[in-house]
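Top line first, the protein sequences correspond to chains L and S. Numbering-wise (my numbering), the first sequence opens with residue 1 and increments by one. Numbering-wise (my numbering), the second sequence opens with residue 1001 and increments by one.
Calculated from the structure, these hints are not laboratory results. Glycine residues also receive a C-beta, built at the ideal position from the N, C-alpha and C atoms. Hints should not be assumed to be uniformly reliable.
[Said to hold, decoys possible] Below, in silico cross-link-like pairs of lysine-lysine (BS3-like), each with a Cα-Cα straight-line distance of 25 Å or less:
1. S:1132 - S:1075
2. S:1075 - L:145
3. L:121 - L:79
4. S:1122 - L:145
[To be verified] Have a look at the derived ranges for each label pair, beta carbon to beta carbon:
5. S:1020 - L:31: 32 to 42 Å
6. S:1080 - L:63: 36 to 46 Å
7. S:1046 - L:89: 34 to 44 Å
8. L:89 - S:1075: 40 to 50 Å
9. L:63 - S:1058: 43 to 53 Å
10. L:63 - S:1076: 54 to 64 Å
11. L:145 - S:1058: 43 to 53 Å
12. L:121 - S:1075: 19 to 29 Å
13. S:1065 - L:15: 29 to 39 Å
14. L:67 - S:1008: 19 to 29 Å
15. L:47 - S:1069: 17 to 27 Å
16. L:44 - S:1083: 23 to 33 Å
17. S:1118 - L:145: 22 to 32 Å
18. L:121 - S:1083: 35 to 45 Å
The chain contents come next:
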Amino acid sequence: MSGNGSGDWARLARRAHFSCGHRYYQPALSEEANREIFGSCYSEHGHGHNYILEAYLEGPIDPLTGMVINLMDVDAILKVVTGELDHRHLNFDVPAFKDEVPTTENVAKFCFRRIQEELEKGASPAKLTSVRLYENEDLWVDYGKL
Amino acid sequence: MASSEEHNFSCHLTRRYSLPALHKLSGHCEELHGHEYSVEVTYSGAIDEVSGLCLKREILDDLVQEKILSAFYGKNLNELLPSTAGEFLAREFLRRLRGDSRGKNIQGLALQETKKNRFIAKATDLLKPTEKPTYK
């Protein structure tokens, strides 16, 4: 979409929430190695978090709508992606984490890839630049083009 | 499974630490007063394929405890540092963390003094003027 040629570009962020359980456990390693690497995050059943996901997007401003992308479309994508994680135990219920440890880093990477895939199905020229995933207010991960 | 496209993406892990401390500044902040500072430390690293971590949390926790919290937690900063302006504190804390081998990949530190002010130091701020990248 070349628009009116003004070339105005903008960035925006949209937030979504989801809650899920996870366990820091790498089956390829011994119990001792798991305990050593994951410390207090390693336990038999795991624990849960109320995650906050922020998607950072950028693109040209559509001269007709004044928008980079309709936030309702972003919300629909975030609902699909967080719906794959929300109220599940990541290690057991989400195939992507069958072999990958669902650390904050890997969950952020998963969200980045899935949002990108969903975004590419639509017609918007907006691009996902990065995601920020808060595990809580004292720990978060940024993943993408930083 | 790292595809070539994935090498363009980076991962930053940020941890936030609470630092209650006293200070005073000349001007209208010259009475000794306190803040519960938030120190946000951002580490940049590749995600390890086995552990799924870009950094073991305990490494950063120990480093911040040793270099920042044990020195300044609950203390009067004016007795310990040549300046206690947020600009200086953010840069000084970052310098102390990066001075340790465990902190080489810390690429930034943000110091939240109150809800209304925040000071941000980047690793490139610590470079000597001659080493700084030039922006055109």
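What hint numbers does the structure not satisfy? Of the numbered hints, 1, 2, 6, 7, 11, 12, 16 and 18 do not hold.
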